[in-house]
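Visitor: Chain residues, written in single-letter form:
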Amino acid sequence: MIGCEGVRELAQACLEGEASAAERERLEHHLHACPACRQMVATYRRLFAALAEPAIPPVRPRLAAGVLARVEAAQRRRSVWQAVALAAALFVVGAAAALLTWGGIPQELSAAADSAPSLDAWTAAWGSVVGLAEAAAAESSEWLRVVPGGAAMLALLVAALAAQGFLVYRWRAPASLDGGDQARVTQ
Amino acid sequence: MMVQRRDEARGQDAAADVAAALGGDERAFARIVAAYERAVFAIAYRMTYDAAAAEDLTQEVFLRAWRKLDTFRPGEPLKPWLLRLATNVCINALKKRRPVAVAMVGDGEGDAREPASEGPDASELAAKGETAELLEQAIAQLPDDYRLIITLRHVEELSYEEIAGILKRPLGTVKVQLFRARERLRRMLSPILGDER
Numbered sequence: 001m002i003g004c005e006g007v008r009e010l011a012q013a014c015l016e017g018e019a020s021a022a023e024r025e026r027l028e029h030h031l032h033a034c035p036a037c038r039q040m041v042a043t044y045r046r047l048f049a050a051l052a053e054p055a056i057p058p059v060r061p062r063l064a065a066g067v068l069a070r071v072e073a074a075q076r077r078r079s080v081w082q083a084v085a086l087a088a089a090l091f092v093v094g095a096a097a098a099l100l101t102w103g104g105i106p107q108e109l110s111a112a113a114d115s116a117p118s119l120d121a122w123t124a125a126w127g128s129v130v131g132l133a134e135a136a137a138a139e140s141s142e143w144l145r146v147v148p149g150g151a152a153m154l155a156l157l158v159a160a161l162a163a164q165g166f167l168v169y170r171w172r173a174p175a176s177l178d179g180g181d182q183a184r185v186t187q
Numbered sequence: 001m002m003v004q005r006r007d008e009a010r011g012q013d014a015a016a017d018v019a020a021a022l023g024g025d026e027r028a029f030a031r032i033v034a035a036y037e038r039a040v041f042a043i044a045y046r047m048t049y050d051a052a053a054a055e056d057l058t059q060e061v062f063l064r065a066w067r068k069l070d071t072f073r074p075g076e077p078l079k080p081w082l083l084r085l086a087t088n089v090c091i092n093a094l095k096k097r098r099p100v101a102v103a104m105v106g107d108g109e110g111d112a113r114e115p116a117s118e119g120p121d122a123s124e125l126a127a128k129g130e131t132a133e134l135l136e137q138a139i140a141q142l143p144d145d146y147r148l149i150i151t152l153r154h155v156e157e158l159s160y161e162e163i164a165g166i167l168k169r170p171l172g173t174v175k176v177q178l179f180r181a182r183e184r185l186r187r188m189l190s191p192i193l194g195d196e197r
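In order, the protein sequence lines correspond to chains A and B. Numbering follows my numbering, with no gaps: position 35 of the first sequence is 35. Numbering follows my numbering, with no gaps: position 151 of the second sequence is 151.
Take the hints with a grain of salt, since some may be wrong.
[Stated by the list, open to error] Chain A stretches covered by chain B per the calculated footprint, using a threshold of three residues with CB under 8 Å from any CB of chain B:
(1) 6-18
(2) 22-30
(3) 51-57
(4) 65-78
Quick caveat, the hints were computed from the structure, so don't treat them as lab data. Cβ coordinates follow ideal geometry from the N, Cα and C atoms, glycine included.
Required output: the full structure, derived from the provided sequences and hints.
Guide: As structure tokens, this is what we get:
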């Protein structure tokens, strides 16, 4: 036997098909003797019926097309970044190979690596990079012949690594958070 | 039983489509969108009560699904996985924008949103046979958690276990929240459901 206070929970369980046969029987027994609870269970029944027929608007046909357009746009963006990242990676590999083949480590940097780091060694290394830039500007057609190969390659290697780090970061960032999409969601 | 068989068949198709989509097949992904857009849209709509915003959120959910498809474990049902994504996207969006106030039917428990000042009263709308509209207005006044849980159970027809998995809550909590949400709805809608208790 159950009291009126237990009817709500049991009524919901019965309407969901979660109650055991014994529980259903107890509820029926109570409802037979209690018109008020019988009325309440009837309201639950109507509520469950209404919940099964929600007034949610239909999905517009263009929604799927919009999703696919955004997927394709994201794919295109990703392809471009992938190509750029691949080119950067190839460049890094090529630069490293060139460094090992022709340049070696610049004399100044080599000396700095052999001894404790000193201001003079870093100044000399920086000087060679500046020299590279000046030589490239002055004799752009012959810069590869003029500049110390190792310093040039080292500078390019650093630049390529920095660029690739940026590309990897940009590649992993979710494109859906690009300004336009986010603005539409948050209005 | 019919629903279960239909879901199993759909699940097998979905697994094949997921595998194809992972290989870059956009048509396979289009089939996934077509199969589940209604379910995702229902969640988004119930969380915003704004069809345009719900469409945007639905697109966002599928875009994320496309990106995260490689994290989907084959053999698991796709629908709960997608609805988990939908739930997260909608909750995050709700943190940034609150839904508009809706006409209030009358909740005795006190933590509903502000009522709209010029809505028709319950008996008037009921007389026009607008029970479904009144139900939506009542659901809109529920806390976010309750709206989600009611939608997952009664619109998406998920099991308690699936809901607990999606919301990352204990099974007992899901059952209690569902009971309270329905009880609150029953009280709010008592004028049209025919019981004043």
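Visitor: Confirm or reject each hint.
Guide: Now for the hints, and whether the structure bears them out:
Under the rule that three or more residues need a Cβ within less than 8 Å of chain B, the assignment of the stretch 6-18 of chain A holds, with 3 such residues. Given as covered by chain B, the stretch 22-30 of chain A fails the check, having 0 residues with a CB less than 8 Å from a CB of that chain where 3 are the minimum. A stretch counts as covered by a chain when three or more of its residues have a beta carbon under 8 Å from one of that chain; for the stretch 51-57 of chain A and chain B the count is 7, and the coverage holds. Residue count for the stretch 65-78 of chain A with a Cβ under 8 Å from a Cβ of chain B: 8. That meets the three needed, and the coverage hint holds.
In the structure shown, a violation is registered for the earlier hint numbered 2 alone.
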